[in-house]
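**Q** Here are the chains, one letter per residue:
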Amino acid sequence: MNFYGIRAIYRFEMARTFRTLMESVAAPVLTTSLYFIVFGKAIGSRMGDIDSIGYGAYIIPGLVMLSLLNESISNASFGIYMPKWAGTIYELLSAPVSWIEVLIGYVGAAATKSVMLGMLILGTARFFVAYQIAHPIWMIGFLLLTAVTFSLFGFIIGLWADSFQKLQVIPMLIVTPLTFLGGAFYSINMLPPIWQQISLFNPVVYLISGFRWSFYEIADVDVAVSIGMIFGFLMVCLTFVWWVFKSGYKIRR
Amino acid sequence: MNKSPTASLSAESSIPIISVRGVSKTYAGGFQALKNINLDIQRGEIFALLGPNGAGKTTLISIVCGIVNASAGSIIADGHDIARDYRAARAAIGLVPQELHTDAFESVWATVTFSRGLFGKPPNPTYLEKVLRDLSLWDKRNEKIMALSGGMKRRVLIAKALSHEPTILFLDEPSAGVDVELRHDMWRMVRELREQGTTIILTTHYIEEAEQMADRIGVISKGELILVEDKEVLMRKLGNKQLTLRLRQPMSIIPAELSNWSLTLCEHGHALVYSFDTQTEETGIAELLRALGEHGIEFKDLRSSESSLEDIFVSLVHRPMEAQA
Ligand SMILES: Nc1ncnc2c1ncn2[C@@H]1O[C@H](COP(=O)(O)OP(=O)(O)OP(=O)(O)O)[C@@H](O)[C@H]1O
Ligand SMILES: [Mg+2]
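Protein chains in written order, with full-length UniProt numbering: chain Z, 1 to 253; chain E, 1 to 325.
Simulated from the structure, these hints should not be mistaken for laboratory data.
Honestly, I wouldn't trust all of these hints.
[Unchecked claim] Cross-link-like lysine-lysine pairs, in silico, DSS-like; alpha carbons within 30 Å at most:
1) E:Lys140 - E:Lys121
2) Z:Lys84 - E:Lys300
3) Z:Lys246 - E:Lys35
4) E:Lys222 - E:Lys35
5) E:Lys144 - Z:Lys84
6) Z:Lys84 - E:Lys35
Note that this is a predicted model, so its numbers are computed, not measured.
Throw the hints in and build the complete structure from the sequences for me.
**A** Given below as C-alpha cells:
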C-alpha cells in the first residue's frame, strides 16, 4: 500500500477545499437556510404533521441528504476532472499508485468534505427548528455511507466527462430530479399508489428514508432495505471504477 | 559503489536499466505511432532521442512511464516489468513532460511535496530544499505556480520529477521555450545528475543539445527507431570532411606518390576526393596540394564539404531503409 501516495492525494484535495472555503461552505449553507425559511417556516406552518413530526423537522434529514448528494458528486467529479482537464493527470498515471489508492485519496477527501458540510447544515438547522436524533450512531453511519457512495458516483462522472458541460449534465438531469422525487419534502405514502410503486425504483428514496429513520424512527421503507440498497449501489460503483481502471477506459490511451 | 568489487560492478552495468522489446502502439483512431521498437538504455548514460515532429518520441516515453498503454511488446525498467510490477518500476522513474502541465493554484513547495508523497516517499524537506535551490526555485517556493514564467514552470516540472529521487529521468524536450541561460543551467544539472548515477533519457530538436549532452543517440522517424549509435562514433562520422578537387586531366589510377593520403577517384576520374578528420591537428591539405603541384596534377576547382549530425539526421529521416542497411 502506497500510504504516502494516498495521503498526498487526500491532502491535495483537502487543500483545494480550504482554498475555496467560502464558496464550498457559504453556498450550501445559504441554500439550506433558504429551504428552511421557505419550506420549514412559511409553508411548513400551514402544513399538518407527517407521521406526527412537525413539517419543519420532517424535512431536515431530506435537506441534509440533498446537500450531501450534490456536494459529494460535485466534489469528487471536479476533483478528478480537473487534472484531466489541466493535463496534470500525467503525474497520477505515472505514479506508483494503484486504482484503489487513487480512489481512497479522491473519494475520501470528497466524502470528508461533504460529511463536514452535512454536519454544518444540521447545525444550521438548529437555528430554525428543534429536532432530536434517535440513533446518532446510525445517523453518522448513513451520512458516511452516503457520502462515500455518492463521492464514488461523482468520481465516475468525473472520469467519464470530457467537458465541463458533461460534468454538469448528470447531476442536473438525473440527480436533482431523483433527489427532489426522493421524498425529501414529503413521505412517499402521500403519493397515489402507482407513484409509490415507481418511487421504489429511485435509490434516493431509500437513502432519505433510512436517514430520516435515524432521526425520528419513522420510515417509508424498511431500514434494512435502505442499508442494503446503499451497499448495493456502493458495490455497483466500485465494480464500475475497478473496470474503468483495469481497462484504462478514458484515462490511459 | 566504491566498495563493490569491479567484476560485479561491470556485470551489473552491462545489464540495461531500461529494456524495450517489440513495443508497438496503435492509437484508438487506428494511427500506428510506434512500430516494433527495441531499445536498451544503459545504466548511468545520457541517451538522446531525436526525431521530427510526430515521430513517436513522446509516445515511447509515455509508454515507459505508464501514461499510455502499449499495443504490443514489453518493457523492463530498473529490473521490473512496467506492467506486472508497475509500482517498483514507476517508483524508479521521474518524468518531465513536454507540455507545461501544472497545478496553477498550488505553491511551488506544495506541488513538490505532493509529488514526493505520490511516489511513495516519506517527507524529506531537506532534500526538497536542495532540489529547489539547485533549480533556483527556492526563493519562489511560496509563490503560486500560475504566477511563474514559462521557463520557471519548466523548472518546477523538473523539481517535481526529481522530488522522489528517481534513478531514471525522462526529459521530454527540456529546452522547448527555454532561454539560453536556463538551457545551460539545465545541461549542467543533467551532467551533475549523471555523475550521481542517474540515467537520463532526453528528447530534443536541437542537434547541438544532443552533441553536448548525450553519450548515445537514437533517431526515431515515423514510429521506427532507425539508428542507435554511440555519440563518439557518430561524431567521428560527422568529423569527416571531404575535399573534392576537379581535375583538368582525368586520371585512371591514383599515382603511387600520393598514397600517403586517403584519396578516391570519382566522376570517371575527373574528380579526386580527399577525406580527412577534422578532429586531428594536421589535416594534410597543404602537403597534398604541394604534392599535386610537384607531380604536375592540375585542378580547376576545389570545394570542401562536411557532414553534420544535422545532415546525417535529415538523410536518415528521409531514407530510413538505406540507413538501416
Ligand atoms: N492521443 C492520441 N491519439 C491519436 N494519435 C496520437 C495521440 N497522441 C499522439 N498521436 C499521434 O502519434 C504520433 C506520434 O506523436 P508523439 O507525440 O509521440 O510525437 P513526438 O515525436 O513526441 O513529436 P514532437 O516532436 O512534436 O513532440 C503523432 O502523429 C501524433 O499525431
Ligand atoms: Mg513529443
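**Q** Indicate, hint by hint, whether the structure satisfies it.
**A** Status of the hints after comparison with the structure:
Note on lysine 140 (chain E) and lysine 121 (chain E): the hinted pairing holds, with a Cα-Cα distance of about 23 Å set against a maximum of 30 Å. Proposed proximity of lysine 84 (chain Z) and lysine 300 (chain E) is contradicted: the alpha carbons are some 66 Å apart, above 30 Å. A threshold of 30 Å between alpha carbons decides the hint, and for lysine 246 (chain Z) with lysine 35 (chain E) the separation of about 25 Å falls inside it, so the pair holds. Distance check on the hinted pair: lysine 222 (chain E) and lysine 35 (chain E) sit about 8 Å apart at the alpha-carbon level, within 30 Å; holds.
Of the pairs offered as hints, the one joining lysine 144 (chain E) and lysine 84 (chain Z) holds, with about 20 Å between alpha carbons and a cut-off of 30 Å not exceeded. Proximity of lysine 84 (chain Z) to lysine 35 (chain E) is assessed by CA-CA distance (about 28 Å); at most 30 Å being required, the pair is judged to hold.
When each numbered hint is compared with the structure, a violation occurs for hint 2 only.
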